[in-house]
Amino acid sequence: MSGGLDLEQRYRRVLRLLPGYYRDKWEQDMVTAFLDSWLTGDPYEDECIIGYCKPTWPEVASVAGLAARLYLGGAATPRRYFAWGQAVRNAALAVLLMHAVLGLEVLVRTAWSRRLFGLPAPPASLLVTSPGGVWPAVYHVVNIAWIVIFVTLAVGHHRTARALAALAIAPGLAALLQAQFTGIMPAPFGPWAWWVLFSLALVLAMTAFHSDAPPSARWPRLLALPAGYLLVYVPVLALLATGNLAWLPDWPGLCCILVALACLAHAPRAWSRQAGGSGVWSLTLTLLAAVAGVYRVITLSGYLSDPHLIKVSLAELVILVAAAALVAPDAARAQAATPAPPPYPGTIAARRVQDMRHQRPPRLPSALASVLAAAGIVLAVASCTGHLTPLGPGATLPHPHHLRSPLILEDMRTQGLVAGQPGGCPAGWVALSGGPGQPGQCYRTTGTPVTITSAAVSPVVSFRPPPPPGQGAAPVQYGFSITVPAADVPALAAVLPAGSGPPGPPSASAVTSATPLPAISVAGRTWILLGFASPSAGGEFDVTLASRSQALQLQHMLAASG
Amino acid sequence: MAGKPMTGQAFFVLTALADGPRHGYGIVGDVAEMSGGRVELKIGGLYGVLERLAVEGLIEPDREEAHDGRLRRYYRLTRDGRRALGEEAELRAATARVVRARLRPAGTEAAG
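From first to last, the protein sequence lines stand for chains A and B. Sequential numbering from 956 applies to the first sequence in the numbering used here. Sequential numbering from 53 applies to the second sequence in the numbering used here.
In short, the hints are calculated from the structure, not lab data. Hints should not be assumed to be uniformly reliable.
Covered, in the sense of this in silico footprint (three residues per stretch, anywhere, with C-beta under 8 Å from a C-beta of chain A), are these stretches of chain B [stated by the list, open to error]: (1) 63-77; (2) 96-105; (3) 123-134.
Straight-line alpha carbon distances no greater than 25 Å define the calculated BS3-like cross-link-like pairs of lysine-lysine that follow [as the list claims (entries may be wrong)]: (4) A:1009 - A:980; (5) A:980 - B:94; (6) A:1009 - B:94.
Backbone N, C-alpha and C fix where the C-beta goes; we use that ideal spot for every residue, glycine too.
Okay, chain B solo, but in the shape it has when bound (with noise of 0.2 Å):
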């Protein structure tokens, strides 16, 4: 059976990792400025994402930091996830190229 195409979310939250561990909500505001503000995590929604990149194995904890009296955990890519990733980033370019391609106006890659 082909494999569910990853979540908006999913992708967003790996991508928010790829540079280096973070907590929860330095994710969502990771996410929200990578997308421009349009992409929003609930934390409810960014909780349910995490669990299940855990389970898949994509992501795991990295270390506990106290701030301000409390415990933040932190969050990085596993070697899967980082491959899961590198995948699908891959794909969405591969896509991409495809829309520009179709977008462009007829004529114009022979001129071009």
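Okay, chain A solo, but in the shape it has when bound (with noise of 0.2 Å):
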């Protein structure tokens, strides 16, 4: 017998993922079907089966599926229950509203750059180029796809916005997974890798939106998308278009002081003893401040080389736990205070009395998610082709826009593992894995970092550099432009003079030992260039990466990141 378990015990041991007054209700009589599932009759098979088979993976999975649906409880269920319930559906409904607002950003400067509607043209600093290349342009439509599952959502097709946000995060899980499996991502968990995670999480979370979970309001939902972008979006555009770049936190900060300036908002009607229901809502907000409160803490090892940003995201997260610790005693006793939950929406016996028509659901915001879709899919379409020229002409590179993430740039000294020497490396060198089937390195930062916060960039582009003398053709390169504005140039020569990085695209097998070269880090993680030509006066430089997936990502996070 494995285990020392038979398998009734293993049964019950499965039902423990039950919630306890479910399983004091069922647990016997689940236990006596399952059993009756698996037991022939026959008391020598009998015996075989009970001493050696387990649960099968789809009977745990099933066990599963309704314990998530107890947990985050919907109608009839115990308060405490529907209390979790109610809270993780409004968070999740909230970081979806986050996401679709950033979509809708996307499309919304997408638009005016391309001068669609007959809009004027955009200030330069609000420009946006087409996404260049396949990742970039998914990214970009899973952008703006955020959209449509926000709406989804709000109209009550709850199946089908779960399975389009399940689809939404794929690329960026592969992409994750890619860079594991390969050793781009020497770091296991850096800030983007947590960013995919999240979005996992909200996957996960939008389970809580079951058949059990009880109808709320459509309209609210829906308007909260134009208020949402008009409330934070809006100033965020004039303070770009304004040039005021240092009143712009960066993301995670944002997300910080909105949950903050929720909590303080609510406190009030936290603290009255006359509102009823307001529990649901502390816990709401409780939730959401712990979600932007690690998100704040992980994204903090990308400002390690500054003070100053390292002492306003701390500042951030003074501000966000002191306005969530108003909240967090009434979300406390939500679980006991919160009203009943409903009886289940429209049940059977009620539904006896009603005629027997069937019932057709609104067509306006099932016609308004499609309107959406429509022009979201458009849109990404058209701005993902630089060929369609009913959209207008194309967009020039933008002049240089804040970044959510700053960009670091250091010089550093790389050389090979070292034998003898404690993790291969000399003191003071950190040692870097490779990727598989490439030895590792020791690498060290030389010099002053220095920290861009502004800057916009070009699609990647690929090219094979001239051979060496008396050498065959040389691999295929990658890299793109940045454009960092006028007043960075002296400090990128400072810290990068011409003679320290290349000028132009070295060979790969130019990089042995004590090799100097530039890195760029964003969001804490880390790519070291194969070339890098200084800034010209008008702050344009270029910057070589050694593979096609390197080159995207560091694209993609800068790009994303305006």
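With the hints as a guide, bring both chains together as one complex.
So, in structure tokens, the structure goes:
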């Protein structure tokens, strides 16, 4: 008998996934049903089954699904689970709203850059270019898809919204796994990876929108999208257009501030004894504060070289914690004080008194979702395709805009691993694992890094550098241009003088012992550049990377962070 | 507000109980047989449906019987459950009649 348990005990162990109140009522009956599905009546065979068989994965999955539905309670569940269910549904909707507002921002700026609908030309700082390459185009479409997902969920098509959200996070997950398995991402969980995992958590949280979830008003949810855009992004655009970038927090900071403001706005209701049912919103805000706080903490690693940004980030964190503390006591009371959940929506018993007409769902929200979806797809495809002339002339390279995560340029020295040294590197050097089949390297930074908070990037291009004399064709390299404000050029030139990086793409074989190389860090991830051309007076310089995926990832992170 | 339509699983479970009380796994087997194997209830899903139907007052425990040392609990339809099942069956039959009429080739009705 494996593990000393028999089949009944194994089923009871699986059923521990279910809430206690439910187990008290149904566990014995469920165990009997599970065993009935196995046993044959033959004593010898049944003894073997009891001793050696295990619950199947589909059975475990069915119990896990039931547990999720009960813990994230809907109609006719205990108040405690109903409060958690409502809070998770509200929090998931809020995070989805954030994704949708970001998508709307991409959509608006794309339409504006292409001067659709007779719009006047936008300020140069708000121009966006067409995404270059397949992956940037995919991410561009995904950004816009979140609008459709939010609207689909808001109008009540929960299952469709869950499926679309799962599709939307697939490219990010695939890129994350590829980066992990190919060694492109040395740190197992950098901020970018956390962002993808947060999205995965969001899709899982969307299971709270199950069939027993109480229906809610559609129009307030739908109106939250334009309202969120107007309240959050229009001020951001105004700051971008007027050049007051110093007032803009980065994205995690903005999340912290928004959640803190929501907590402050809700606090009077949370502290009022007359306000019934405030606990669910307090619980929702506490959940959101936890998510925003974790996001803020893990993105601090990108600012380790900038004490000012660290202080600003910590101040945002303190504000968030203080605001969340105002509603946390009410959130703790929510589990008992939440009003009783409604009965099952439109119970069958209630339905018998109604006529037997087929009720058609209201058409307007669905039609709105379809129109938004169609508009999103058309604009996404149009903005990804530089050949659709009816949409107006393609935008030129934009001027630098504020980056959510600053770009840190630094000079590095690399050399191969040294035998006999602890970790393979001399003191003061850090070991960096190589890709599959590639030897690791030691590296250390030299000089003072320079932090760039505004930049614009071009699409990724590939090229084959001229071969060294007497050698065959050099491998293809990938790169793109970065434009920084003219004021940053002297600092760049100081940290990366023309002599430190080859004035043009070097051959990969030139990267040998103690080679000086520039490196770019964004949001805690570092890319060592193969080549770096000195910035022009206009602030434009080219960077070259060894692989297409590295170039696309860096370009995407910079483009997406604008 | 219009009531939610009865789910397919709930309809099959109520139908399985229409001709007499059954225990949990008995319902699973009867639903599979009724649907020609198209509907395979998982135990987790079955007890989600049973709890919901019990809360709605459409089914109730009937009795418990010992079988090979284990207690099997049987469920039966309540009066409300029987009425709800009848109404759902009428609704589905009416829908099926409409579907058949629309699928009938043009001219068949006049000829027939």
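Consistency of the hints with the structure:
no. : hint           : result
1   : 63-77          : holds (count 3)
2   : 96-105         : holds (count 8)
3   : 123-134        : holds (count 4)
4   : A:1009 - A:980 : holds, 23 Å
5   : A:980 - B:94   : holds, 18 Å
6   : A:1009 - B:94  : holds, 15 Å
Hint check: no violations occur; every hint is consistent with the structure.
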